[in-house]
Structure formats: C-alpha cells, structure tokens
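Engineer: Order-wise, the sequence lines are chains R and G. Taking the numbering used here, the leading residue of the first sequence gets 30, the next gets one more, and so forth. Taking the numbering used here, the leading residue of the second sequence gets 30, the next gets one more, and so forth.
Rather than coming from a laboratory, the hints here were simulated on the basis of the structure. Source: prediction; values computed, not measured. Among the hints, a few may not be true.
Stated by the list, open to error - Derived CB-CB ranges, DEER-like:
1) G:Asp470 x R:Arg109: 52 to 60 Å
2) G:Ala364 x R:Pro388: 48 to 56 Å
3) G:Asp470 x R:Asp307: 51 to 59 Å
4) R:Glu234 x G:Lys399: 38 to 46 Å
5) G:Asp91 x R:Gln385: 31 to 39 Å
6) R:Gly259 x G:Glu127: 42 to 50 Å
7) G:Pro246 x R:Gln385: 32 to 40 Å
8) R:Asp130 x G:Glu127: 36 to 44 Å
9) R:Gly357 x G:Pro48: 28 to 36 Å
10) G:Ser508 x R:Asn65: 58 to 66 Å
11) G:Glu524 x R:Gly233: 33 to 41 Å
Stated by the list, open to error - Which bits of chain G does chain R cover? Going by a derived footprint, with three or more residues having C-beta under 8 Å, they are:
12) 235 to 245
13) 332 to 344
14) 386 to 398
15) 476 to 487
Glycine residues also receive a C-beta, built at the ideal position from the N, C-alpha and C atoms.
There are 2 protein chains.
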Amino acid sequence: MKHGVEVTNRGSTFRVWAPRHRSLSLVLDGRTLPMNPQGQGQFSLYSPEASAGTRYAYQFEDGRIRPDPASLRQPEGVHRASAVFDTKAFRWREEGWEGIDLEALVFYELHVGTFTQEGTLDAAAAYLAELAELGVTCVELMPVQPFAGDRNWGYDGVLPYAVHESYGGPVALQRFVDAAHRAKLAVCLDVVFNHFGPEGNYLGEFAPYFSSRHRTPWGDGINYDGEDCGPVRELVVGAATQWIRDFHLDALRLDAVHAIPDESPRRIVREIADAVRDVGREMGRKIYVVAESDLNDRRVVERRPGGWGTSSAWADDFHHAVHAFLTGERSHYYADFGSREDISRALEEGFVYQGQFSPFRGRPHGTPTKGLLPPQFVFALQNHDQVGNRPLGERMIALIPREAWPSLAAILVLGPALPLLFMGEEYGETRPFLYFTSHSDPALAKAVSEGRKRELIAAGVGDVPDPQDPATFLASKLSHRRDGDHGVIRGVYQELLRMRRRFQRCIAEEWPQAAWAGNVLAISRSQFSLRANLGPDAASGLPPWGWRVEPAGGA
Amino acid sequence: MKHGVEVTNRGSTFRVWAPRHRSLSLVLDGRTLPMNPQGQGQFSLYSPEASAGTRYAYQFEDGRIRPDPASLRQPEGVHRASAVFDTKAFRWREEGWEGIDLEALVFYELHVGTFTQEGTLDAAAAYLAELAELGVTCVELMPVQPFAGDRNWGYDGVLPYAVHESYGGPVALQRFVDAAHRAKLAVCLDVVFNHFGPEGNYLGEFAPYFSSRHRTPWGDGINYDGEDCGPVRELVVGAATQWIRDFHLDALRLDAVHAIPDESPRRIVREIADAVRDVGREMGRKIYVVAESDLNDRRVVERRPGGWGTSSAWADDFHHAVHAFLTGERSHYYADFGSREDISRALEEGFVYQGQFSPFRGRPHGTPTKGLLPPQFVFALQNHDQVGNRPLGERMIALIPREAWPSLAAILVLGPALPLLFMGEEYGETRPFLYFTSHSDPALAKAVSEGRKRELIAAGVGDVPDPQDPATFLASKLSHRRDGDHGVIRGVYQELLRMRRRFQRCIAEEWPQAAWAGNVLAISRSQFSLRANLGPDAASGLPPWGWRVEPAGGA
Chain R
30 MKHGVEVTNR GSTFRVWAPR HRSLSLVLDG RTLPMNPQGQ GQFSLYSPEA
80 SAGTRYAYQF EDGRIRPDPA SLRQPEGVHR ASAVFDTKAF RWREEGWEGI
130 DLEALVFYEL HVGTFTQEGT LDAAAAYLAE LAELGVTCVE LMPVQPFAGD
180 RNWGYDGVLP YAVHESYGGP VALQRFVDAA HRAKLAVCLD VVFNHFGPEG
230 NYLGEFAPYF SSRHRTPWGD GINYDGEDCG PVRELVVGAA TQWIRDFHLD
280 ALRLDAVHAI PDESPRRIVR EIADAVRDVG REMGRKIYVV AESDLNDRRV
330 VERRPGGWGT SSAWADDFHH AVHAFLTGER SHYYADFGSR EDISRALEEG
380 FVYQGQFSPF RGRPHGTPTK GLLPPQFVFA LQNHDQVGNR PLGERMIALI
430 PREAWPSLAA ILVLGPALPL LFMGEEYGET RPFLYFTSHS DPALAKAVSE
480 GRKRELIAAG VGDVPDPQDP ATFLASKLSH RRDGDHGVIR GVYQELLRMR
530 RRFQRCIAEE WPQAAWAGNV LAISRSQFSL RANLGPDAAS GLPPWGWRVE
580 PAGGA
Chain G
30 MKHGVEVTNR GSTFRVWAPR HRSLSLVLDG RTLPMNPQGQ GQFSLYSPEA
80 SAGTRYAYQF EDGRIRPDPA SLRQPEGVHR ASAVFDTKAF RWREEGWEGI
130 DLEALVFYEL HVGTFTQEGT LDAAAAYLAE LAELGVTCVE LMPVQPFAGD
180 RNWGYDGVLP YAVHESYGGP VALQRFVDAA HRAKLAVCLD VVFNHFGPEG
230 NYLGEFAPYF SSRHRTPWGD GINYDGEDCG PVRELVVGAA TQWIRDFHLD
280 ALRLDAVHAI PDESPRRIVR EIADAVRDVG REMGRKIYVV AESDLNDRRV
330 VERRPGGWGT SSAWADDFHH AVHAFLTGER SHYYADFGSR EDISRALEEG
380 FVYQGQFSPF RGRPHGTPTK GLLPPQFVFA LQNHDQVGNR PLGERMIALI
430 PREAWPSLAA ILVLGPALPL LFMGEEYGET RPFLYFTSHS DPALAKAVSE
480 GRKRELIAAG VGDVPDPQDP ATFLASKLSH RRDGDHGVIR GVYQELLRMR
530 RRFQRCIAEE WPQAAWAGNV LAISRSQFSL RANLGPDAAS GLPPWGWRVE
580 PAGGA
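From just these sequences and the hints, can you work out the full model?
Structural biologist: Here is the structure:
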C-alpha cells in the first residue's frame, strides 16, 4: 500500500490508509474534498493544483482534522496541517559519493537542537569541515522527526517521514546530507520505530497502527504482526527507504530494537535492513543499518535465516564496564559491572555478558559472540542516554579526574568496535546534556515535570532541572570551547583517529588481546599495541593516566 | 533451582521457590514447621518421616495455605494439600521398549474423562490392545494435569507436575504408559506451558511466575524472559523432563507454542525440546516433541540456531482445507479455504499458507516449507478443538455424507504428514465432543456458562449445552459402537494403517504429487498412488465417494 503524497509536474496524488473510516475528506488549502475509496481502507485523490508547499490535512466524518501520517513537513507543528514536499526538487551536489566502508565508520552523535545556538541543521552544517578534520567519518543525527513543541531529544516524534520544522524541515536535511558528503562525511539518521511520542500521535485514529496484544513501556505496541499489519509495516519500511533514497542518508540507527515486539517469521527489523540495503544497491551506495540493542544477542547482527540482519549493533557493556570502574558507581545497570576484567572482556569479545547471570536483570543475559567481527559492534564512552538520563546530565569527564580522559579516548578509538563519540566529547565539553521537553499539552507537561522531579528527589538530587523549562534546554547547548585543555583533548582525538585509520584493517579483522598489569591495560594486535594507564600513579613507564601506542616488534 | 519433593528411603526433602516471602512454613500432616531459607528465594526442609502419601502444603506468614507448585498429587483437588509421591516406586514391566521411529507415529488423541464411562486411565488402558490392533502407534493423552472439579478438557490445569486424581493420579499414568508399551504403543502427553487455568492457580503467590510485560488471552503471560525467569524456566523444563524420565512418556505435545511469548536468545520451546531429547538419549529411548502451532512457521521444527527444535508440528491447513471443501462452511478460519487446490497444496507441501495474504488473519501468513520433510508435519481430519469449539460439538462426519468418510480417512492416513485420529473417528462415532467444565468458583462457573451461551446465541444456535452441566460432559462420552457401519469404518482405518506401514519409508521421504480430475483426487508417489472420489457421482472408474490404492507401475 502506498502512503503519502506523490508529487508530479502536473499536480499531486494524495493517498492515505484509513480503514477506521467509511469516508474521508482531503482538506486542501481550505477546501474540503471527498476522497475516493480504493479498497482495503485506502483513500486517494488527485489534485491538479497541489504542489510543493500546499497545505493539506485529512478530515473524518465527525469533523476532526488530522495531519497525514506520512507527512514530510509540518510547518505549524504536529497538530496542524501538513505541507506537500517534493523530495525530487533538491539539486544534489555530492558528485561521486558512494558511501564509506563499514569498518571505516566512526560515529559522531549530534543533537541538532543543542549542537549550535541556532539549533538548526544549517547551523550544524557549518561545523562539518571541522568534524571531518577531527577524523570522525559519520555524523549520527539524533531523531529529526517532528515532535510537540520546539525542544525534545527527538524520541517523542510522531510522523516518521517528516523533518521537524524548527530544525529547518526536510529541505534542510537534504542540504545537510549533501554538505556532509561534500566534506567526505557519511550521515546516519536515528529513527524510532518502536513507539510514537505521547503528544500529536494521531495514527491510531486512521487505522490499527497499534495493538493491545503487545504491552510496551509506551502503551500498546506497534502492530507489526497482527491483523492488518501489512500497511503498518509498509509505512515503516517506506519511511526507512525514503531516508536513503530521497534524503541520501548513508545509515539508519534503529532505536531500541529490543522494544519492537514482532512474532512474524520475518521480523520488521530484518525487513527494514533488507529493504534499505536493496535501495543502496540500486543507488550504488554503501548503506548500513545500526541497531540500538539492549539484548547482547548475536541474532541482531546475523544475516542467516532468523537473523535480524543489521550491519552492527550498539554494545553498551563496554561503556558500563568503563563507567563503573572509573566512577565507582554501582547503581542500576552499573551493578553488573566494576571489575577490570569486565573492560578487558568487552575489548576481547564485544559483550561482557554472553549468557551468564546478570544481577541487575535477575536473569541470564546475552549470547556468545564467537565468530562475529569487531565492526559488528558499536562502542561509546557515553551517549545521549547515559549522560542525559543522569539527574544532572553530567558527562563522564565531569565524574572522574579530567586528566584520565585521553586514556579512555585511546581505548575507545583504538578498541575493536566502531567508535561513537557523543557531541562535545572530543574537546572535553563541561556543560551537561539534560533531559528536556516542550510538550504543549498542559497535563502531559505537568506529568513530565513532576515525574522527573519525583525521580530526582528519589535519587537524592535537590536542585531539579525541569525538563519543560527552556533554561534546561539552553544549559545543554555545546560551548564549542577551544581554550584551556579543550584544544588539547581535541588534538588527542585527532591523533587517535589518525592512528585508527592507519591500522583500520587490522582493527576490523582481529579481536585484540587485553591484559592488565595493575592499572595499566595493554591492548595488543598483530600490528600494534596500546598501553593505557588508568590510575593516578606512574606505572610501567607510563605517567599517571598516560597512554602510548607502539607498533608491533618494538620501536 | 530444584522444585518439589525429593523422596528417599530415609525421609523426604521439601523444596520450594518463594521469593515473595521472607519466611515460609511446611504444613506436614497437620504440623506447621518453619522452613530453611536457602538463598535466592528458595526454602527447604528435610523431614525424616515424610514418605509417599504424606499430605503437605506451604503456609505463608499471613496464614494462607497453598499446595506445592511442583506437586505430583492432589488427592482432594487443586485447592487443598498436596501428597508426596515417589515416582521411583513403580515397577516397570515394559522390558525392551525403546520407542518408535518418528515416521512411524500415528497419533490417537484421547480424552481420559470421556473415552470410557469410568473416565480413568485404568479404564482407558483396557482399550490399548484394540488400538494396537487398529494400527495407531501412539496414544496422545489430552492434558492430565489437575484442574478444578472433575470435568475439563484439561487446558485449565494448574499444577504442571501432577496427574488429576479422578483420572487415577500419577501411579495410574505410570500403569497406563507401562501397559501401552507392552502393547507396543507409544504414549504422547499434551502439556500446557503457555498458560495456567483460571481456578486454583496459586503460583503467582509464591514467585514472579507471571509477567505483565506479556499480554495473553489468559491475562499476564508466563515469565519466561523477564527478571527471575531462571527458576520459572527450570520449573517448566523440570516438568517436561519428569514426564519422560519418571513416567516414560515417548513424546510431549506442547500446547499452543504460538502463545508462549519469549524474547530470550534460546526460546523456552527450544530448551524443552533439547532437554527432553537429552533425557531420551540417557534412557536410550526415541523421544519426540510435537508442537501445536498456529504459525505455519518453519522455525518451529528447525534445529539450526534460532530454530525452535521440535520434532514435528501440527499443520491445521490440511484440516481447514478438507473441512471447508466438504462442508461448504466459510466462517471464521474457514474463510481462508474452500478450493480443491487448497487440499492438494497441503498434501504436496504441508502448509497451504506459506506467506501469502490470509483474509481471515488480515495479514500474510506462514513461511515456505521447501526442504522440510513430511514427518515434520502432523495432519488431522479433526481434533478436540475443531470438534469441541463448535457450538454443538459435531464431528465432521455428522456434517457431510457419512459415506464420504472412508475417502477422507484414506487421504489422511496415506497423506504425507503424521496422521492424528481424534478418538472415535476410527469407527465413525456419532456422539458430539462438547465444551465442558466443572469450575467450583461460583463466579467463574457462571461466567463460563453465560459466556458460552452468548457465543452460541451469537452463532445462531438455540439449544445451548451448558459447559458446567454434567450432562454436557456425559453426552460427550464415546459409544465405542461396532454395529451398523461403525465396524466397516473401523475396518477401513485398519486396512489404511496397514498400507501406511507397508509404504512408510516412501511416505516419509517423498512429498506426493496431488492432482484433481473433477472430484477425484490422485495422490501419487514413486511406489504407489491413491485415488479418492470426493463427490457423490461415480467418476474415473471409482464409485461415489470411493477410493483405491494402486502400486506404481500398474496392477
């Protein structure tokens, strides 16, 4: 089933799936036009006048007017009319771009709203040359799909084909990707296919997009496997392929694949991964699907029948092990970590938990990783979740001796997995990344503010940043400082990324050996070794918190 | 974690998992004894006196007294005390029994309560010689686990290790299996690991056996993959292996595997299948796990990583196709069937639905079967569900010309899959098999009676059998008639089963070709062919409703 608007030189065709309604009207520039039922709950209408920019919405028999579930633009927000957008109008200038190899991916996670003062894609694009110079290879945009209000991490998005207007809308995303490719950077987009935001989600009024068969933290799960799941799956697969075909994204990061219940023989994650790769083949581009996975389950990256078919998956054990060891924290999931050996196991095998009992989860966790390759894992020292879900949003560098950071960066960048940097990490940003929202529904806004307050009081935090307060959002904006040690830290990352490129093939093909001598961690491969002192005292010829890379066979 | 009572010559050790309680008492022959906490929520107590027959129960701090979740005997029903049972006391006389080959399985589904007037396992055992003579090879007992009251199909069982007392209790099951093996019959037990009955289910009072993460038609799902799932899985795997090791069952039929939600890397179904086969290897027996599956999904019988590892799975498409074609019914799931080609496709490939859109389900259904072998499928002309879920419980033979039955029997028995006969089918039983219960909770009893009434009125049925009325149960008891055509039909089955044995290897290894000429269906393999006239007129040299088997190469 086709979803959305097809734009041509001679007008546009509007299509929407609304089996909950016997009749449906298209509201077009103020006129109300009855649509033609096409069977199976689909309605369509051709309009010779409608073109890019034309405002439209759908009206039910009872008078309610709703935006298009497959809208690309919401100029006045998620509650109001959609606008026709012609994806084919953009003039791409990225000649010769074919994407980059999986093993060359170094992600830079970027939140558009807080990366710059302006909070737009165009403003972010001004930093692309700097990022390329730093040595990261793939900008990973946190979700850009429209949400209620102006301030949100992006996981409250409600329209899977659209780009948030205050970020610049869809054309700004095309400009951003085009500019990135010209700077030789790939772009990955974070897409949320496990839930919709709590405000402005009207999809269920059109069709059975949700099913009470599945219970999720956000209420009824998305209907990927029940009656009428076909058009639901097509909407989501259509969104995924749109980002590749029409916006030239190089990769998708699938949010929380562990929260996508689907008992179909072919999981929706697999269907997305296959569809996206097919489009990549047609375009002659290298395209990747990266899973955010909490499962430690090899199935997620396996291509065999029954595998979920993603290119690579987040493996947070590495972060948890480093964080717990360095900070001494043992609350929540850090309860499962803390020993030196957790860090070395993550480096040698990808997951720490490969089936053993997890005290935090109260059950066995994970599968063996034997036979998987390093680029099938993504490691980070922090990401938006681990920073932003802390009551005060502190980055890890604020919780440990600041001079320890370069050693950690070395372990990350020269570690086995694809590295992910969280924006600002590359220069030791001191500002927090807080949880912020801008819900316009007063009851929801109050609930979010008060819920957060309760959590933080429970966590023993007195001064509580209110997610709804614009100051919380503003406090999270990057400083982009270069003074003091900020420039030094950036220089370290730059040097490390240069070394990663030099040893890229070796890193991708060999799991390292990782051994501790006191606080000194040695990570060895056939071509080079890294030694990092994770302690405050000089040891093994390394200064406190020092690190050194040596080619194999000695200097 | 060990569940249940360990009986020795010198007393018994009681073990129970009750992490919801800080302390727990064992009520033993009227005395209340504090139990010893063993860590991880387990409590245990050794009693030098307790032996087979000793009554016991567990008492919570608030005074509630509950039977043992791993009880083997409930002499006074599901709400009262358990009784110690020594599985090792039975003297087996089945010397030399090693089980039978998968391809030799011909199931005979038997409900203990209605198979005989007495409604006991011992009374049923008196028919074993006749069943062996008929030519079936495996008696499949509908669930024998205790339920509230005396009359139930068995799917309201609440204690997975026990045998319903009015069936004769656990020792009667041992006697039955022993007698079956001496009659050269295997025994398969139907076990329900997807839900517990609505009355007498106290497991959740002990421990987190259920999880609100999973929503099922019976309420919260069993906690196979959440916090503390380890001991839950051990309870269920322990029950499965107990039936093989201590009761010498040859096969387990897993009820509704499609209703067992489990996101673990290794599904509980796979764990059960592997564990049961391991026990079989230790015992030197051929052991099988058969899945009742509504999924048409090859994963269910696949042994590769990610496969669910069962030996064979129910494939109801064959039934639905035959039923819809012969009766003309098109309601409910019969909406997906009705053409001749549905029957021939099921015969040639196992499933009719292999991924195409199912109108009844409103979504694509099934996976291809290519590469699977015929014994990985179980076919039936009817079973307890298809008969008993009809408002008036009619067997298919009552819905079609009675003289058509032998042809259908021929297609079933000489079809590709393992055949399953529903008790009474072999002689053309005319009595119905109705839905009956005997809930003792008055509110539940009323709800079941009235719920059924509403369903039946909705179905346009006037005279409504009340599930709670003992007459409904009594009306479902077999007549075991041999008069009139009953003996003739039985003779046909006997002859067909003899032919199946003769061509067993050919049937197991070759998918047949199935072709229609008018109403005549020809099913051909390298060694023989069957032609069956499914119409009221003579055709192709066959009389109305006639059938004939011919060895390949002509007579």
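Engineer: Please go over all the hints and tell whether each is borne out by the structure.
Structural biologist: Structure-based check of each hint:
| no. | hint | result |
| --- | --- | --- |
| 1 | G:Asp470 x R:Arg109: 52 to 60 Å | holds, 53 Å |
| 2 | G:Ala364 x R:Pro388: 48 to 56 Å | holds, 50 Å |
| 3 | G:Asp470 x R:Asp307: 51 to 59 Å | holds, 56 Å |
| 4 | R:Glu234 x G:Lys399: 38 to 46 Å | holds, 42 Å |
| 5 | G:Asp91 x R:Gln385: 31 to 39 Å | holds, 36 Å |
| 6 | R:Gly259 x G:Glu127: 42 to 50 Å | holds, 48 Å |
| 7 | G:Pro246 x R:Gln385: 32 to 40 Å | holds, 34 Å |
| 8 | R:Asp130 x G:Glu127: 36 to 44 Å | violated, 56 Å |
| 9 | R:Gly357 x G:Pro48: 28 to 36 Å | holds, 29 Å |
| 10 | G:Ser508 x R:Asn65: 58 to 66 Å | holds, 60 Å |
| 11 | G:Glu524 x R:Gly233: 33 to 41 Å | violated, 58 Å |
| 12 | 235 to 245 | holds (count 4) |
| 13 | 332 to 344 | holds (count 4) |
| 14 | 386 to 398 | holds (count 7) |
| 15 | 476 to 487 | violated (count 0) |
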